[in-house]
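Dock chain to chain to rebuild the complex, using the hints, since each chain is given by itself in its own frame.
The residues making up each chain are set out below.
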Amino acid sequence: MSDLLPSGVKDLIATDDDKPGGARESVMMFVGIPILVIAGFAAYALWHQTADLDSVEASALEWSEVWLAIWQHVKLTVVSAIVVVVIAVPLGIMLTRPGFKRAAPAVVGFANAGQAAPSIGLIVLLAMWIGPGFKTAIVALALYAILPVLRNTIVGLQGVAPTLVEAGRGVGLSNFDVLRRIELPLALPVIMAGVRTALVLLVGTAALATFINAGGLGGIITAGINLYRYSVMISGAVLVALLALLVEWLGRVLELVTRPKGL
Amino acid sequence: MDATTSTSSESDLGEKGRAQDASAAISGAEIRLEDVTKRYPGQNTAAVDGLNLTIPAGEIVMFVGPSGCGKTTSLKMINRLIEPTSGTIMIGDNDVRKQSADELRRHVGYVIQGGSLFPHMTVAKNIAIVPKLLGWESDRIARRVDELLDMVNLDPSKYRGRHPRELSGGQQQRVGVARGLAADPPVVLMDEPFGAVDPITRQRLQDELLSIQRTLRKTIVCVTHDIDEAIKLGDRILILQEGAQVAQYDTPENVLASPSNDFVSDFVGSGSSLKQLSLARVSELEIQSPTTGRVGESSAQAIERARSAGDDSLVILDDRDRPAAWVWLRQIKGEQLHERERENLSTLDHRATLNDALDTMLTSTHGGAIVTGDNDRYLGVVDFSAVVDRMRVMQTEAQDRAASAVTAESRPEDEHDPDAPMEDREPSDV
Chain A
-3 MSDLLPSGVK
7 DLIATDDDKP
17 GGARESVMMF
27 VGIPILVIAG
37 FAAYALWHQT
47 ADLDSVEASA
57 LEWSEVWLAI
67 WQHVKLTVVS
77 AIVVVVIAVP
87 LGIMLTRPGF
97 KRAAPAVVGF
107 ANAGQAAPSI
117 GLIVLLAMWI
127 GPGFKTAIVA
137 LALYAILPVL
147 RNTIVGLQGV
157 APTLVEAGRG
167 VGLSNFDVLR
177 RIELPLALPV
187 IMAGVRTALV
197 LLVGTAALAT
207 FINAGGLGGI
217 ITAGINLYRY
227 SVMISGAVLV
237 ALLALLVEWL
247 GRVLELVTRP
257 KGL
Chain B
4 MDATTSTSSE
14 SDLGEKGRAQ
24 DASAAISGAE
34 IRLEDVTKRY
44 PGQNTAAVDG
54 LNLTIPAGEI
64 VMFVGPSGCG
74 KTTSLKMINR
84 LIEPTSGTIM
94 IGDNDVRKQS
104 ADELRRHVGY
114 VIQGGSLFPH
124 MTVAKNIAIV
134 PKLLGWESDR
144 IARRVDELLD
154 MVNLDPSKYR
164 GRHPRELSGG
174 QQQRVGVARG
184 LAADPPVVLM
194 DEPFGAVDPI
204 TRQRLQDELL
214 SIQRTLRKTI
224 VCVTHDIDEA
234 IKLGDRILIL
244 QEGAQVAQYD
254 TPENVLASPS
264 NDFVSDFVGS
274 GSSLKQLSLA
284 RVSELEIQSP
294 TTGRVGESSA
304 QAIERARSAG
314 DDSLVILDDR
324 DRPAAWVWLR
334 QIKGEQLHER
344 ERENLSTLDH
354 RATLNDALDT
364 MLTSTHGGAI
374 VTGDNDRYLG
384 VVDFSAVVDR
394 MRVMQTEAQD
404 RAASAVTAES
414 RPEDEHDPDA
424 PMEDREPSDV
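Heads up: the sequence lines are chains A and B, in that order.
The working numbering applies: residue -3 is where the first sequence begins, and numbers increase by one.
The working numbering applies: residue 4 is where the second sequence begins, and numbers increase by one.
It is worth saying that the hints were derived from the structure and are not from the lab.
Under the rule of at most 27 Å between Cα atoms (straight-line distance), these lysine-lysine pairs were calculated in the DSS-like manner:
| # | chain 1 | residue 1 | chain 2 | residue 2 |
| --- | --- | --- | --- | --- |
| 1 | B | K79 | A | K97 |
| 2 | A | K257 | B | K128 |
| 3 | B | K135 | B | K101 |
| 4 | B | K135 | A | K257 |
| 5 | A | K257 | B | K161 |
| 6 | B | K128 | B | K79 |
| 7 | B | K79 | B | K135 |
| 8 | B | K161 | B | K336 |
Here chain B stands alone, though its shape is the one from the complex (with noise of 0.2 Å):
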């Protein structure tokens, strides 16, 4: 069954890619796994039995599955971590296993859980190894490392000099994102990249992630146990039962609207409403534009200009428009806005999910949270009742296709669901 599947999907990667082209660039590079398996010596069935899989250029592919499934060591296999037992790999037009294995992951992205910073050198030595190795100019190194600082939401003159101890996990986290990403690699494998951190920091650094691939377009293959975090980052998912047999591999709206089988449908524990919160997204919310102001600003420009417009708080953006502080207006003190913690800042990507902005504004003093765009920039704000109002209709929505599923009894099984809520993503099927 693994080939059929593959097969059949191969058939609407062109389209997705095309309609992803306008977007940005690719930079990525397409993967083929043909035929892959893995034996270990000693042990009856294969680990991974005869895997055929293209991960298309510029694509996240979330690989997904029970534990000892072999996602892994599939994954693994990729840079040659774990050598396979047989079979082809192919990173754009080139044979995994006709270069050395070293060379070889100097140009393949490798992100671990909790980072796995080595806790001796500084965060910018961590950055700094690839590039190294692949023999950069200490000046373009030292650029890189301050770019990719900045990509990941640290701040280079603060952070690039400390040791990883000093940092929090979310941070660690970033910096090794940052280390993945330093070569600039068409490929980034990630191996449960944000397991280590608590639920509000995942979905933050999946929101970034999520922010950095709009505009990088890697071929990003990411490991997870965790079926929210598939939907919400996979342009694709493979769902793989044991000895890494395809259960099913196709996008995530496809995943949940049609199960090939009882195990997928078991693993989504698709047809809750709930998951629909996993694939509504911000962007799909009404966003208001409350009252903003600057860092630097005088303050009491800003709060009359709040109070006029019936705001009583604000939201204060930086000099590259991304949110610094939504304060009260009663707790602004001194003659100008200033930032503050960052960290304590309920944002939201504008593609993070539904589920995240409820989780997110749970723990926010204001309600709601803000959303941003691209590169950080400040969009607007969304607030409880914006995300009931989108359940509502999404409820509706699916009463509505219940009942039209009973009336068109039985429909082929790939045919994808034309109301999909998922407008944005699927622009070709419909």
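The following block holds chain A by itself, in its conformation from the complex (with noise of 0.2 Å):
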């Protein structure tokens, strides 16, 4: 049956990393993936319950701090995410319509550039011009971020069979029906790709969030490092690597629930 599937239908849009490889190891992330993070979390619990800590340690590792940290962490993760999203597919819409198509090249390339700076250069560079604090971090997130999520919804847009589009012109839909009912729909899973990149991306940067005063998980680690504990140094980092397993995870989830039935 595959043979007999048009060509059209086939390739119908161009992933980058679309499938990630056989039914095992997607299964493997799904369930492989929590059971690490909360097997983790569990350890690290179960240390900072039995460690012999002096009092520098524990007062940097108090529980309520953690959780603070912890909680700043996945705000600025998350806002920022959903401020890139918010700015960057709109972008990426306007860059695949005809009359603004040639703008694209020069809208990516800046959005490479903002990737392409040192991201603790990025934000203190800002929180000297806006000034330190939560807003600033999520600005420099943001600007960090945007690349995969705009270049996913550009590449996208573009891999959806011209014959798909043309044939929703031609059974009437008007330009703004084809592509909510039919352009963006199947560039989903591309733009997901991206969302899940950008998400990564930016919970590994949110780390540096503390060096203007914006929190984070970050925090405990510089603190780890300015007291001379290693202690508490690992507490942090292990944490951050938790998390982010966590927020990949997440964002594969999305993936799949946001795909459409029948790609």
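So, in structure tokens, the structure goes:
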């Protein structure tokens, strides 16, 4: 049956990493990662409970402090991801419409520069310009992570078979309806792959927000460095790593859930 | 030359229209192209240069020609997927450029190669797109979807919830046709509709289209590069040369019998007796009536009946007289007759060509094919010898014609050949 499929259906969308591989691999992904994260966190909690901590360590790793840092970190990641999607998806849509198509390389180039710039430099420069704090951190993180979503939105929309767009126009859908009902749903898997990439970038980079007083798990790591306490430093690093794994997993789940049936 | 061709053919459109009126009510509308030109910026020659054409209501007109001749451009200008540079296109009494393009397209069916179904929508949703845009109520849409699926021979309960990915190429194309017909448009445009399927499926889809058209009588404009398809499906064939210049616009019989110039005769390859196989229809063959049975009937009785009639196979019909299976008696198992996978059934519409008949028979395990009529009703069975007999008759006729043509040396070019084998197609010309 597959060889009877018209080529239009086969190469509907150009996906870069849309199938992670065999079924076994994806089952391991979806079940294995949360188990790993829970086990890792349980191990950390057990160590925290039983380790012989001095007063400096104990105050730095107090549960209320840790939870606050995790919460701030999640907030930085999620808010900047939302900002990225709100900016990059409409921008990507615009850059695939006739009339703006020619601007696409320039805008993608600019986004490329945003990602290529050292993130620590970007954050500090912005803080000097706008002032430190949560909002500045969000601006810096969003600038940093716009590229994957923008690029995947453009690639995803460009990958929708032109015959399907024409079929949509041919049956009497307006340009907007073709976009809403045909192009976007078909490009969604590619766009969501970009969102997942952005999430992973953001959760890692958000550790730098502590330098401009925006909180997050980076604070625990820097505290460990400043206080010469390896236990604190490693605690921060382990927690960031666990959170990053969890966010990556959430990104995959999101990709799977939003994928239109029939693709 | 295009002007004279189109006017001379307009004069006999009326006659043909009336002659067909008797069979079923025409639901199509006339399409008129007046001096239509399409010029792309930056190109010296026009893609379509001053095309004049009248497509009579209720007929199938096939646009054929070499690639790049402007046939697809001409088609897409009718629903304004391509905007003409100048000229007028009328559908019925409406100028297509006087209404919004979106609104126009909702009332013009559009069928594309491979179906071009939207992969993220179910079959039902694909078909329902236009009715929904037109604001139909949901239960009316649901009824219409089932009706259309039935019309294109897909079981609604089985297929309406499926996604295109789960369908074969032929099934996708059927749904594509159903989508084009969904809102009952007077005009249906088809762009190489059967290009992406294998020959056997293509022949079957063509048969189905002819069968549907017999009852609906839409105005269908269909682009193809396959001259055999044009001859089979077309009431009229428009043969285009570069720049959409009309080389000939006439019935298939006349195009084959008297090509207007060398370009046409090269293109159709007329004169070859094999082409005549595309003109002769299965309905001209001697149709046999072997023993039939009904789905659900007792197997023993049916076998008994077939044996006493001297048949070694049995055609099983469903409750709507459609062929459901064709089995050897020794294959019959179970208490009752039941249907089999219809995809594998060798069926021919009675308007299929002898070309199709031969193709179908070559793949049939019975060395013959089942003939169906309107709504896929069973008519009988034809076998190989019937085709061979008919071909012999045709050959004798052709030789007689050739002999008489030598005696009556020069005859007017557009006079129709009275011996043309297609009596039932040209009632008014004889």
